[in-house]
Amino acid sequence: MTQQIKSLTESRPSSAAKTGGIGGYLRKVFAIVAKDVATELRTKEMVSAMFVFSLLVILIFNFAFDLRAENLNTVAPGVLWVAIIFAGMLGLSRSFILERDQGVLDGLLLAPIDRSAIYFGKMIGNVLFISVVEIVVLPIFMILFNQPANILPMLVGVVILGTIGFASVGTLFSAMAVHTRAREVLLPIMLFPVVVPVILSAVRLTSAILDRTPFEEVSHWLTLLVVFDAIFVAASFMLFEYVVEE
Amino acid sequence: MATQTAVTQQEQTTTTGGSFTYGHALTIVSGVLMIAALYMALIWAPDAVNLTAPAERAAQRIFYFHVPAAWIGFLAFIVAAVASLLYLITRKQKWDVWALSSVELGVAFFAMVMLSGPIWAKPTWNVWWTWDPRLTISTISWLLYIGYLMLRGAVDNPDRQARFAAVYAIIAAMSVPINWIAIRWWRTIHPAVVLPGNNSGAQGGFGMSADIRTTLIFCLFAFTMFFITLMYHRIKLENLKRRVETIRQQIIYQ
Amino acid sequence: MGDLTFLAAGYAVFWIVSFVFIYTLVSRQRNLEKEVQVLEQLVQQESETE
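Protein chains in written order, with numbering that gives the first Met the number 0: chain B, 0 to 245; chain A, 0 to 253; chain D, 0 to 49.
One or more of the hints may lead you astray.
Below 27 Å or equal to it, Euclidean Cα-Cα: the simulated DSS-like pairs (lysine-lysine) are [claimed, not checked]:
1) D/33 to A/235
2) A/91 to A/240
3) D/33 to A/240
4) A/235 to A/121
A short list of chain A residues far from chain D (calculated; beta carbon distances all over 10 Å) [as the list claims (entries may be wrong)]:
5) 25
6) 35
7) 37
8) 124
9) 137
10) 209
11) 217
12) 246
Keep in mind the hints are simulated off the structure, nothing from the lab. If you're wondering where the values come from, they're calculated on a predicted model, not measured in any experiment. We treat Cβ as the ideally placed atom computed from N, Cα and C, and that holds for glycine.
All chains should be modelled from the sequences, with the hints used to inform the complete structure.
See below:
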């Protein structure tokens, strides 16, 4: 852990930490992502928990809603996104809790890195972890709901955009929630109302893909999703430093 | 007696000059306006023309308080967001006090909206609740406000509490317009009454005559004064609370 | 005038919520004033023991 932080600080002398342009910045972001990935690869705790959890959600929905063939296409998008959102919540909370418990966050803050780089690093890390779960869940979902493989690329696109939207504000909020009591409960309470547009857009787009609805009819949802992602990545990135300052 | 003067001095030092008269004046003006608004809404305003059932006709008058409450609820949101932004920039306590007070008032006003809505809906559309756009966005906004208060309650460190709350308020306020659009697209039963000449045949909609509009605007004005008065008192209370807290710390850690 | 129950209930909502809110303001004010009393006593005691 400390070696990885050292490599961050040694990649640039402190006086030049804020210079080095886009390349240097991207390198720092990448270093943070790499650190998180390496940590997770060691234990694989978080990703396996998320994966099992999302499968459980699909299973429970199957029983709870008695998913017979006629109902399938109506509920399928909802089931997929509930599974993704709940697994995502798990991943979001864990990424900051681990850091805090090991004092890594303090180490990161001491290093001469622009705070916003920490945000991007964490956010991309979160997107990656949720994506890993999605990569496994999507094919299972398609099999369970009898979908042909040619819709996969479009589905993947929607899933990525939705995940980015979810993780953008989620990373910011989980950085706050980690300092509170009852953090597991507080994060969903804070996050869900804010990401409603993401859920609505994603579910509508997924329905359209499954129903083979022409694109023009749902293009406004895609616009909304992209606009949401742009606005909230920007806003979260700007507000992040106010959350982690000490 | 001594404590009375001590508290009086407290109040006078924590607010600008002439605090007693300001507070009392606001309260009286506000009270008078609200009673006038009540009279206008219940008695002066004419019955809406194209409504048939007597219960529906009577209940329509709820609209005169329900709509202003909703507008003020959203205004409180804007005030909270602006105050939060100002707090993050200037770090002056005053803005944090404004944000907190505004959100609390927002919760109160949205509670009015959420409770009066179904009561109006039942005789009008014969259902207590629908997931129509305005009800849904009000629910979400209410939950956002409550989330703010819960977040504040869960953070002990006062500086962090103020900072986190400010960040949350800004994100929450930004999410409201986007939520509004998304929910609008998602569903289209709320009476389309705001502009005259609108399709008043829309389910439960009613024609807006000039008198109805006048009443609505007057009630909106009364509610705005009510909001300002409540803000004034809430802010004063919060300032007193923080002052007392500071003094307590000073005494204990002498 | 038809059935006034709903109308009455609707308006009752506004007054009840307002009064609850105002009541919390007033009671919090009273508690703070009591606390000021306690603090002033503490200050008096401290200055007496000096």
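Could you tell me which of the hints above the structure violates, numbers in ascending order? Per hint list: 4, 7 and 12 violated.
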